[in-house]
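Student: With these hints in hand, go ahead and build the complete structure from the sequences.
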Amino acid sequence: MKFGLFYELQLPRPLDKDQWNDDDELRIVQETLEQAEFADKLGFDYVFLVEHHFLEEYCHCSAPEVMLAAMSQRTKSIRLGHGIVQMPPLQNHPVRVAERIATLDLVSNGRVEFGTGEGATPTELGGFNTRQADKKEAWEEATRECLRMMTSVPYPGYQGVHFSMPERNIVPKPLQKPHPPVWVAASRRETVMIAGRLGMGALGFGFETPEEAEERVSRYYELVRGCRQPIGAAMNPALVTVGNMMCADTDDEAIARGISGAQFFGFALGWTHGPVKHGRDNVYREFRNRFDTAATAQAQEQATAAEPEDESARTLYRAGRRGLFIGAPAYIRENLRRYEEAHMDAVLFFLQCGDRKHEHIMESLETFAKQVMPEFKERHHLQQRWREQQLDGVKFPINSSI
Amino acid sequence: MARPSDIEDPVFRAALEEAERLIDEGDYTKASRRCAETYLLLLDRRPDLIPPPGVGFGFGFGFGGPGGGSGGSSGGAAGLAAGFGPGRAMRRGFWPNFGGIKVLFDEDRKPSLSYEKDRFSLTEALTYFEFMVEQVVNAQREPP
Chain A
1043 MKFGLFYELQ LPRPLDKDQW NDDDELRIVQ ETLEQAEFAD KLGFDYVFLV
1093 EHHFLEEYCH CSAPEVMLAA MSQRTKSIRL GHGIVQMPPL QNHPVRVAER
1143 IATLDLVSNG RVEFGTGEGA TPTELGGFNT RQADKKEAWE EATRECLRMM
1193 TSVPYPGYQG VHFSMPERNI VPKPLQKPHP PVWVAASRRE TVMIAGRLGM
1243 GALGFGFETP EEAEERVSRY YELVRGCRQP IGAAMNPALV TVGNMMCADT
1293 DDEAIARGIS GAQFFGFALG WTHGPVKHGR DNVYREFRNR FDTAATAQAQ
1343 EQATAAEPED ESARTLYRAG RRGLFIGAPA YIRENLRRYE EAHMDAVLFF
1393 LQCGDRKHEH IMESLETFAK QVMPEFKERH HLQQRWREQQ LDGVKFPINS
1443 SI
Chain B
96 MARPSDIEDP VFRAALEEAE RLIDEGDYTK ASRRCAETYL LLLDRRPDLI
146 PPPGVGFGFG FGFGGPGGGS GGSSGGAAGL AAGFGPGRAM RRGFWPNFGG
196 IKVLFDEDRK PSLSYEKDRF SLTEALTYFE FMVEQVVNAQ REPP
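The listed protein sequences derive, respectively, from chains A and B.
For the first sequence, our numbering begins at 1043 and goes up steadily by one.
For the second sequence, our numbering begins at 96 and goes up steadily by one.
For the record, the hints were derived by calculation from the structure and aren't laboratory data.
It is possible that part of the hints are untrue.
The following label-pair restraints were derived from C-beta to C-beta distances [claimed, not checked]:
hint, chain 1, residue 1, chain 2, residue 2, range
1, A, Val1213, B, Arg214, 27 to 35 Å
2, B, Glu120, A, Arg1380, 39 to 47 Å
3, A, Glu1417, B, Asp203, 56 to 64 Å
So, partial list: chain B residues that the calculated Cβ filter (under 10 Å) puts toward chain A [stated by the list, open to error]:
hint, residue
4, Arg116
5, Asp119
6, Pro142
7, Pro146
8, Gly195
9, Glu211
10, Phe215
11, Leu221
Rough simulated footprint, nothing fancy, chain B against chain A, three-plus residues with beta-carbon under 8 Å [to be verified]:
hint, region
12, 1162-1175
13, 1180-1189
14, 1227-1237
Virtual Cβ for every residue (Gly too), placed ideally from N, Cα, C.
Tutor: And the structure:
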């Protein structure tokens, strides 16, 4: 099993002020770069960055290509992932995406993972005038054409529904051939299956349990084997899940350091889907007010006695809980073994979230890397062998870092 | 994980085999519509699968966001030790809400379809198809 970090660049507003301090965004950016550099030295395999826009406090990572480029110059081996690029052309023109991915691949010596997705929330989509009803179709069209741009000389042009352009040669081309491994954000089970049908890796953002992961794996690989037309020139058969992580010497210490960040993560994610007041909400203050009130905590506990049945709602529910990776090394190890048995290829961790402290994140990285990670890396060749068996008979090229 | 061949009911099986055939032929719009009609048929036969009143689709569900009152799905202080649920295999799912086809409910919770656009893509059709196969198979596994 491989491991990576996943970043939103969360930045809660101060409790006692309506706006951030002047150096708050500088601090979170610099701390993130430092964490990525340290993770690279410790042997983590991936760092993935989201792309979101206008989602104050929840995500200040609106230009991940810049962050990843900076990371590429401070790291040696860790792979640099977009998790994801928002592909609808009103958010990012496919030509600009192809150019940026290729350039990042060149400056990083071929370490790019190309995650794709649609964007979400009325705040985000509405900011670019992308209609909710169009976003999936726009993702498909833009992703397919963007990958063609990376391999075609010249790109013959395109007359589509969501964008059109004349013949041009898009340069530069990526270092990885035919293009970097390509992924799709898969918050729902259906999207994991679509990933299989299109030969894409699935970035599982649904906080799947090991049992759910296991259910999906066999069907996913069945669909990969049956894939007739990959979305790109190479397939990336791979299944990844995410989880909120804080590793410390004891469970109590990990919870004390990590639970508030996880709860804010879930709370703020829910907040982004509501009618926000742009530039005027203080999400963190609202979070603290609600969570610090005993009566509210009790009401919340009653309200969350059972997991929601709806998959999207369940994602929110799980995003804000302790989950399976906030604990001592033994707790995390035990849960990771369940994912390993389910044949997940990699797990990506949210570490930087809410009001967590940079020094705790750094300690967590080190504790995990020294006390948990080695045994999984040693066994990864078994997963690779199993995966090769699953891919036996696949007739398309494969470019995958798994 | 559900597959079309797992569907026992001949009506549902035929409907979703047709949807799959339409996808293979590139008629994603017809396939999407066929899946939506099949969902209504499922809800007609299995009203226990209709979402309860007040339960929305997607991320807005019960969460303490700006419009969420004092609710919150992320657990309070007392929920610190909680991990995840059991991750059971069979769950009731709600129609994928990305806007192309909406499932509306009247005051009596009778569902109807609202088509928000005329053309659907491969991935939209596949999303609806995968959702429906899973729902029908789950429904036959979990009687009302």
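Student: Now look at each hint and say whether the structure bears it out.
Tutor: To see whether the hints hold, each was checked on the structure:
{"no.": "1", "hint": "A/Val1213 with B/Arg214: 27 to 35 Å", "verdict": "holds (33 Å)"}
{"no.": "2", "hint": "B/Glu120 with A/Arg1380: 39 to 47 Å", "verdict": "holds (41 Å)"}
{"no.": "3", "hint": "A/Glu1417 with B/Asp203: 56 to 64 Å", "verdict": "holds (57 Å)"}
{"no.": "4", "hint": "Arg116", "verdict": "violated (14 Å)"}
{"no.": "5", "hint": "Asp119", "verdict": "holds (9 Å)"}
{"no.": "6", "hint": "Pro142", "verdict": "violated (15 Å)"}
{"no.": "7", "hint": "Pro146", "verdict": "holds (8 Å)"}
{"no.": "8", "hint": "Gly195", "verdict": "holds (5 Å)"}
{"no.": "9", "hint": "Glu211", "verdict": "holds (5 Å)"}
{"no.": "10", "hint": "Phe215", "verdict": "holds (7 Å)"}
{"no.": "11", "hint": "Leu221", "verdict": "holds (5 Å)"}
{"no.": "12", "hint": "1162-1175", "verdict": "holds (count 5)"}
{"no.": "13", "hint": "1180-1189", "verdict": "holds (count 3)"}
{"no.": "14", "hint": "1227-1237", "verdict": "holds (count 6)"}
Hint compliance for this structure: hints 4 and 6 are not met, and every other hint is.
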